[in-house]
Each structure stands twice: as structure tokens, then as C-alpha cells.
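Asker: Protein sequence lines, in the order shown, are assigned to chains Y and R. Each residue of the first sequence is one higher than the one before, counting from 1 in our numbering. Each residue of the second sequence is one higher than the one before, counting from 1001 in our numbering.
Among the hints, a few may not be true.
Some chain Y residues judged to face chain R by a derived CB distance under 7 Å, without partners named [claimed, not checked]:
1) Ile341
2) Tyr450
3) Ala455
Hints listed in this document are in silico derivations from the structure and should not be mistaken for laboratory results. None of these values were measured; they are calculated from a predicted model. The beta-carbon is built from N, C-alpha and C at its ideal position, and this holds for glycine as well.
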Amino acid sequence: MNKTHKILAVASAIAFATGLSSQAHADVGVADIVGDQATTQDIVSYGLGPRGQRYSPLSIINKDNIKNLFPVWSFSFGGEKQRGQESQPLIKDGVMYVTGSYSRMWAIDIASGEELWQYDARLPEGILPCCDVVNRGAAILGDKVFFGTLDAKIVALDKDTGKVVWRKTIADFEAGYSYTAAPLIVPTDAHGPLILTGNSGGEFGVVGEVQARNPETGDLVWTRPVIEGHMGTLNGEETTMTGETNESWPGDMWKNGGGAPWLGGTYDPESKLAYFGTGNPAPWNSYLRPGDNKWTSSRVAINPENGEIEWGFQTTPHDGWDYDGVNEFVTFDMEKDGKTIQAGATADRNGFFYILDRNNGDFISATPFVKNITWAKGIDENGRPIWDPENRPGDPAESADGKKGKSIFAVPSFLGGKNWMPMAYSQDSKLFYIPSNEWGMDIWNEPVTYKKGAAYLGAGFTIKPIFDDYIGSLKAVDPTSGEIKWEYKNKAPLWGGVLTTGGGLVFTGTPEGFLKAFDEETGEELWKFQTGTGIVSSPITWEQDGEQYITIVTGWGGAVPLWGGEVAKFVSYLNQGGSVWTFKIPEQLASK
Amino acid sequence: MKLDARIFIAGLLVLASTVHYGLVQARPIDEVTDSGYITIFVYQDYAPYSFEDESGELKGIDVDIAKHFAESLGVELRFLVRGADENVDDDLRVNLWKGDLIHRKVADVMMHVPYDRELDTRNEFIVLMSPYFLEEMAVVTDTAVLPKLETFGRFMNKPIAVEVDTAGDFFLSNAFRGALHQSIRRGRTFDEVIDLYKNGDVPAAMGSKAQTQWIANQSPDVESKIFQPPMPGIVRKSWPVGIGIKHDSRDLGYALTDVAFGLIQSGEMEAIAQKYGVSFTAPEY
């Protein structure tokens, strides 16, 4: 609590010293982004600070008065385009910048809830996004807001008018690329601020890459492919190769190795490194690509000055389960055995919660955060999985005699112990709050499938809940021990991000449509509000004119409803929508 | 029923807005003839079945058959051209019954769908009809380097090109427990495969028989020959392809089956294939 007040005091002192008021429309500087967590009157980064802790020191709303939290306004995205809304809004000078499905963006006046402008990307025919038409949020710097569109482009808009300033191609959508993540803005000495993006695309043939651009012009500064054998660039010149050709890939398979860092990245102001998670390798059949297949299903730490990979840590070497390791790497200081460790945490699709040294990637610990994991018996002292060979999907070639191959049951399912939805870390409770799911999958070799009109060996799979009554599970995890302090069980799979606050609260939304608040220490549910459609986005909180606001974007969708099987029973009745809900404690109740 | 209703509602909304992609539903024959047009799906960049020539005109065996289909119904022909998804089941969903996530557009007929009972059974919203062409796997070789090809063992020390993530790629990657890994040159597109072969970078390329014949035709400077050596472990060495139709549009499928059968009987189908330098094998009924 003391710490919270101190941060608030510092923040308001800065505000006074620079003569800012909430009405002034100042440009966003890169220092504002780096220091975003401490300045509670704005949110100028994805994750409430580039470390991605999703922790706000604000305590105006707390355990005692949360019962008085009511909606101020609701804003509809309109149109017939009601699909999954996974966006985290940004807040600056009384204006909310929020992205929506189908690559749309709005600026909303927070005081009135009225629209200031709307931008609709004109999407070409021929884009086939694999997993819904979501967008996860924007970035802001200077007088511009930036976001990526489904046709794999990045757009810079004038933040006051919504007019396009520049528009650049991240990758060719016709080759299977897309873009859905929030871009990341980082400071550098060599180039000034840079805007960093990964890429998306599940098809065989894509190669994961992180790109850095000049936010003023959109011009490329450096590129860093995450698959070994590919060359990076800096200022248009080739620099270094990622890894060494054929170190962990056979033949020419590295050329199409996959590994798309589709969830974007985080940045630590102390280590000065940008952290990106990378997707699963291609092709799906692991028997075709003996080796670790680096850097797929990994975290890579990139030096933003030159685009070099400082270190990589592979959570699922030689992935055979589609454990798409894009999960965010959240940096924090860990007090353990009387020492302060400069750490980072990541809750992987593969069901394990990893703590690494954020400076060099050294493995510290890994503990399961979902139940009944079968694909590995554990993680060894070097951070490598102890595979269970019985639970690797079989070699499809073995079923070439036309019979259905052997079936295995792998936990977690390919949608992961945790999927894209970001976790949160409280600087008060020192716990991580992980939105997870308890499910597994049957995988078998399909005797004959077809691809582009030709006979092919494929695999069939179906996702199954592990328990009869719930899939979703919000867990409070102690990073020093891996111990699960409390668990909230939710019938439908959780697919939205988490927020923690100095008020001792943990917020998350459910597919059933509730925004909920929990006691950070006990997990007791203290408050909920029904928004009318499923929630699969990340809540935010900020302060405006002495009041604390909470906002959540609503709209059921994302990858879950695209998969049938037994999970459909848990979600098929959920209705679509597309709105922004904003809450505060009404003036009449604020004194209590 | 519920699903149909949802698609129909989506259709109305699309019409109500300014988007003019036409009806989003695959339709029975009366609706097709009444509307005056038919939408037929063909794969993008899929020579010699469906591809754009240098002038941007859509050409190929499937394209020509589709022209006969439209002509027989006396309606205008519209094409829906898209790339392949992860498997044909996905393609059937996206192109025939559910539509894509963004524009919700579907076709009345999908060309080049493998005629396979299993595939038909597991896709309840579509029916497979009218097998019109027999696909076979084959290898084209540069006879200056490989005058004969008795076995794939030849590729232990000679490179072979194949389009990435295709049936041929899968077979080669698996062959002899991965022993050919170092010899496989994967083209990101079929055109890259043609270039590798045409430029003499590889003495062989694998694909469907029609594709290998097409590669040979595109490489006039190479003395080419087509081989079909034993393919241990291959899923299917040959299979028929036909059309896909939405399950409530069977009458359209029956009408087009008659057209396709007529083309085969009259020798027109063979003439279409020969136009692209491809030999025609009729599927067995």
C-alpha cells in the first residue's frame, strides 16, 4: 500500500511540474511508454507498461468499495461484424483508442462515451485468417496510433482525426500471412523509438520474423527471422544469420519452418531487451523434422538496437502437439532466498509455468499450472521437457496401410494450458494470475486426408475437457515455488486477459459474459457484472479527474468457437456481440 | 437447420450493406438458373487445372470443364478462386457451405474434390459427385541425367524438387525413413518447382501426373520423361477427382454429372486435357 501511494505521489508531482492537466492533448513520448505503469492517468502501452505485468497501482477502487462499481457507458462497435473482440484499449488525455474485429479502430471520448472517429481497414478478398478476425490492440506514440490489420499490414493513424499517415506491408497475405497482435514501441539509442511487430500465419511456408520500423515513416530499420538459417537485416543490409543452417533442422525444411511470433512482444526497461514468443514448427508431423527445430515454440530476447537475438529459450523442442509457444514473457523482480532475481515469467501453451533470468535466459524453474499433463513427465534441471514417448502423436507413415492409426490423449490440448490471453502480476501480492484451461486432446493418424485435391497423410484430433463441470481456471501462482495459491473454476474455457490493481483486486472476463473481480489473496469473488455477450479481451484501469475507471471490451469469439467436439457443449449457447463497457463508482457512492 | 438459418441471415445482412459479392449461399439448380449465373470454385495457382496466364486470364482443365457446366445451364459463369487451406475438409467448409470469415462468400460448385467415400461421409453439409479425372502420382526427369527411374533410391544422391506441403512432399519426406531429406528441394509454390527443373537445378520433380506433364511442357530445353516407380508408403498412388456440391443442392450436382459424363463420352474431356499437354485417364465408376 505504501508503495502504491508513493508511486501515485510521484506521478502527480510529475503532472504538476510539467503543467499537464487531463484536458491537454499532449503527444506521447517514448518515456511515457517506458514509465506507463506508474502514470495511472493514461495507458499508452499494451500490458499497462511494456513489461506486460497488467498491474495498476490504483487503489481508489478496492476490496471494500468494489460492490459500488457500476457502468458509466457502453459503446457498440455496430454493424453486422460481431465476432471475437480480444482488444485492450489505450487511454490518453480523456480519449480511448480501441480496436475491434475485422481490423477496425475507434477513438471514444471517455467523459461522454461518444465516438470521435472510426477507421475501417478495407480488407481484400483472399485473406483466410485461421482463427477468427480478431485484433488485440494498438500502440501510441507522438501524435499517431498504430495497429496491424488482417491483411498483414501496419497502419499509422493521426490520433486526433483517425486519418491514415502511413501504411506498410508486414508480409504478403496471399502467402498466408496475417496480423492480429498489438505492436510494441521500444526506445533505442541508435534509432530513437522503434515500433516492433511479429507476424502471423499458420500455413506451412511462413517464416516467423520480428520487424522494427521507424514510427514516423514506417520505414524498416531491422528484421530478425526467428528460424535458424535465415539472415537478419539492419538498415537494409544483411547482418547475421539466426543460429546456423541445419543445426536443428533437416535438409531445407528450415526455409519454411513456421515459428510465427504472432502474439507480439514485451520489453524490459532494465535489461533493454524485447521478448517475443515464437509459434510451432511446420510441418505439423514431427517425424518429418528430426531435431529441436529452433527457434520455434521458444522465447527469444532481441536487442532492439540491432535486431540481434541475445538469447533464446525453447519451451517445447521438437514440438509434436502444436504447443504454439507465443505466450508473453512478463519481467519482474523475484525475491527468493533473500536475493532479488531479475526474472521473467511465461505460462506456456504446454502447461508449464517457466521462470527465467531475463538478462541471459538461464532456466530457473518450471512448474505445471494445469492438471494431468501427459505430454511430458516434467521439466529437467536444464529446462528441457522429459518427454513421455507414449504420448507423442504417432508417425502418420505407420498408418499408410489405410487403417486409422493409434490414438493418444495429450494434455494440454493444442489450444494450450494457456492460449493468447495475457496473465497479470501483482507487485503487492507478488503472485501471477494465470487464465488457464483444463483440457486435453485425442490425436490419431487419419488413414487418408486430402490437401489441395491430393491424397495425404494427416491427423485427426478432438479436444476434450478433463473435468465434467469446468474447463476455465484462473489460478494465483507463487513464482518462487510454483505453488497454486487459489483457483477460480469457470465452466467455459477462459479466453480473456487479467488485470491486478493496488486495490487488492484481480479482474477478468468470462465467455459467459461476466466481468468479475476477485480478492487477490483468497480468490473470493467480490463483484461481477453481466455484459450481455462473452468476454475474450483484457481489462484495463486508469484514473481520470480523481476517479478510477475500469474498461472491458466484450464480444464472444476467438478460436474456441471454431472448434467443435465436446468443448462445443460448454460454449455453443453463447451469443455474439461487440461493445466497450466502462465502469466507475458513481459520485453518490464514492464517499463510502 | 439452425446453421442454415444463421448463414441465411448473414446473407441478408451482406445484401443489405453495400457489399456486392452476390448471394453467399450455394444454391439448388432452380435458383441458379433463375439468377442467371453460377459460381464455381477453382484452386488458385494450380496449373494445369486452374491458373492465370501471363495476361491474367484464368485457364486450365478445371476452368474449361466449368465453362461447359455454365454453358449447359445457359447461365453466366463466375469464378471463386482461392488458395488451399490445411486440408480439403477445410476447403469444403470455406468454399461451399460456411464461407470465409471475412466476406462469407461461397460457390455453388467446387472443382477438383477427391471422390472418396470417407471424405464425403465426414463432411455432412456437402456431397461429392461426378468423378471426372483420375489423378496419379508421378515424377518427371531430365533424361540427360536420369534416363531411367526404377526406384526412388536414385534420389539418395540426386536432388528432386517438390512443392512444399503437398502429397509429393509428404511422400518424399517419409520415404526410406527420412533418408532423402538432404535431396528434397522444396518450392514454396508450384512455379518455383517449375523454375528449379527448367533451369537445370534439379534433374527431377514430383507431383501429380498432370503436373509433371505440365512441368515437362514448360521446360522445352529439357528432354523430359514421366515415370511412376514403386512408391512404398504412399497414401494413394491414384484417386479420382470430382465436384463438391452443398447437400441441399443435389439436383444441381446430378445435372452437372450428366454434363461431365457427356464430356468424357464424347472425347471432349480428353481434348481439354490435351490442350494443356496432359494425358487423360477416365476414372472408373
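Asker: Would you settle whether the hint for Ile341 of chain Y is holds or violated, based on the nearest Cβ-Cβ distance to chain R being less than 7 Å?
Answerer: Not OK, violated: Ile341 of chain Y not within 7 Å of chain R, min 42 Å.
Asker: With a cut-off of 7 Å, does the beta carbon of Ala455 of chain Y approach a beta carbon of chain R closely enough for the hint to hold?
Answerer: Since chain R brings a Cβ to about 4 Å from Ala455 of chain Y, closer than 7 Å, the hint holds.
Asker: Closer than 7 Å between Cβ atoms is the bar; does Tyr450 of chain Y clear it against chain R? Give me holds or violated.
Answerer: holds, 4 Å
When each numbered hint is compared with the structure, a violation occurs for hint 1 only.
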